[in-house]
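Enquirer: The opening position of the sequence shown corresponds to residue 8 in this note's numbering, with each subsequent residue numbered one higher.
If you are wondering where the hints come from, they were derived from the structure by calculation, not from laboratory data. Cβ coordinates follow ideal geometry from the N, Cα and C atoms, glycine included. Please note that the accuracy of each hint is not assured.
Each pair of labels, with its calculated beta carbon distance range [as the list claims (entries may be wrong)]:
1) Gly228 - Ala171: 16 to 26 angstroms
2) Asp73 - Gly127: 18 to 28 angstroms
3) Pro182 - Gly35: 22 to 32 angstroms
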Amino acid sequence: MAETRDIICIGSVLWDIIGRSGAVMRVGSDVPGRITRLPGGVAMNIAMTLRRFAMRPVLLTAIGRDEEGDELVAAADRLGMVTGHVYRSEDLPTDRYMAVEGANGLIAAIADAHSLEAAGDKILRPLANGALGTAEAPFAGQIALDGNLTEDLLGEIADSPLFAAADLRVAPASPGKAERLLPLLACPRATLYVNLEEAGLLCQTRFDSAEAAASAMLARGAAEVLVTDGGRAAAHARASGVIVATPPQVLVTRVTGAGDTFMAAHIAAEARGEAPEAALETALRAAADYVSGDISG
Numbered sequence: 008m009a010e011t012r013d014i015i016c017i018g019s020v021l022w023d024i025i026g027r028s029g030a031v032m033r034v035g036s037d038v039p040g041r042i043t044r045l046p047g048g049v050a051m052n053i054a055m056t057l058r059r060f061a062m063r064p065v066l067l068t069a070i071g072r073d074e075e076g077d078e079l080v081a082a083a084d085r086l087g088m089v090t091g092h093v094y095r096s097e098d099l100p101t102d103r104y105m106a107v108e109g110a111n112g113l114i115a116a117i118a119d120a121h122s123l124e125a126a127g128d129k130i131l132r133p134l135a136n137g138a139l140g141t142a143e144a145p146f147a148g149q150i151a152l153d154g155n156l157t158e159d160l161l162g163e164i165a166d167s168p169l170f171a172a173a174d175l176r177v178a179p180a181s182p183g184k185a186e187r188l189l190p191l192l193a194c195p196r197a198t199l200y201v202n203l204e205e206a207g208l209l210c211q212t213r214f215d216s217a218e219a220a221a222s223a224m225l226a227r228g229a230a231e232v233l234v235t236d237g238g239r240a241a242a243h244a245r246a247s248g249v250i251v252a253t254p255p256q257v258l259v260t261r262v263t264g265a266g267d268t269f270m271a272a273h274i275a276a277e278a279r280g281e282a283p284e285a286a287l288e289t290a291l292r293a294a295a296d297y298v299s300g301d302i303s304g
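Taking the hints into account, I'd like the entire structure generated from these sequences.
Expert: Quick look at the structure:
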């Protein structure tokens with residue numbers, strides 16, 4: 008069996024096509040700005056932040072055997088990720104994500120992750136065939152898992168012997184896909200990272216604060232959960248109690264990928280042995296640096 012890596016990142020790895028403008032935008036706005044294409048997707052965003060914190064991610068995802076896919080794998084290799092276990096499909100195109108951001112935040116976004124969904128459990132084969140683990144000797148390290156997988160597959164993961172020894176760190180891909188995480192809500196090995204809206208969707212209600220949302224998710228069966236609320240206080244809840252911290256106030260220049268940065272920074276902080284209060288502060292500071300543009304991404 009291959010040596011255990013720092014962390015496995017399972018989920019969406021695609022091209023982010025992001026249009027950003029300094030103008031306030033609304034439906035129908037036509038303004039000057041910049042359009043970029045960068046490696047993205049929830050799993051990829053998490054992996055890129057983990058690399059900044061000296062962790063080496065193993066990517067488990069689906070990438071097409073097309074020109075865009077070759078470029079994406081090459082970019083991941085240059086970033087120091089392990090891509091040898093990626094499922095490369097002959098007949099599925101490489102996924103893409105497109106977003107428009109203005110001075111007033113995210114205006115609209117479309118995630119085309121159909122190839123990842125169509126690949127299904129093929130992306131998990133390295134966890135079963137001995138490359139990274141087997142059902143009898145499952146992978147025992149950290150796994151970052153994103154909600155771009157189908158609800159059926161996420162349900163299988165919650166009960167699968169392949170994940171029985173893993174420290175699962177789980178994030179929804181977006182509020183629109185938050186309810187896909189319901190099968191993992193009560194998984195005793197899972198830590199969930201959600202924003203206030205996503206917490207409300209999972210609990211079928213609305214919350215006024217991250218602390219209230221985190222406490223409610225514990226009551227719904229979650230073992231551990233972190234809830235963010237933009238520039239307002241965030242909360243980390245588990246059986247031992249709830250920790251609350253406020254992020255640094257910064258000028259927001261981008262929002263796509265902020266939650267993924269928060270999650271990865273928190274995972275890395277805990278891996279370094281930081282106490283819960285310090286790890287939450289570290290994650291909030293990393294996310295603030297990201298949205299302010301002080302770090303690349």
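Enquirer: Does the structure break any of the earlier hints, and which numbers would those be?
Expert: none
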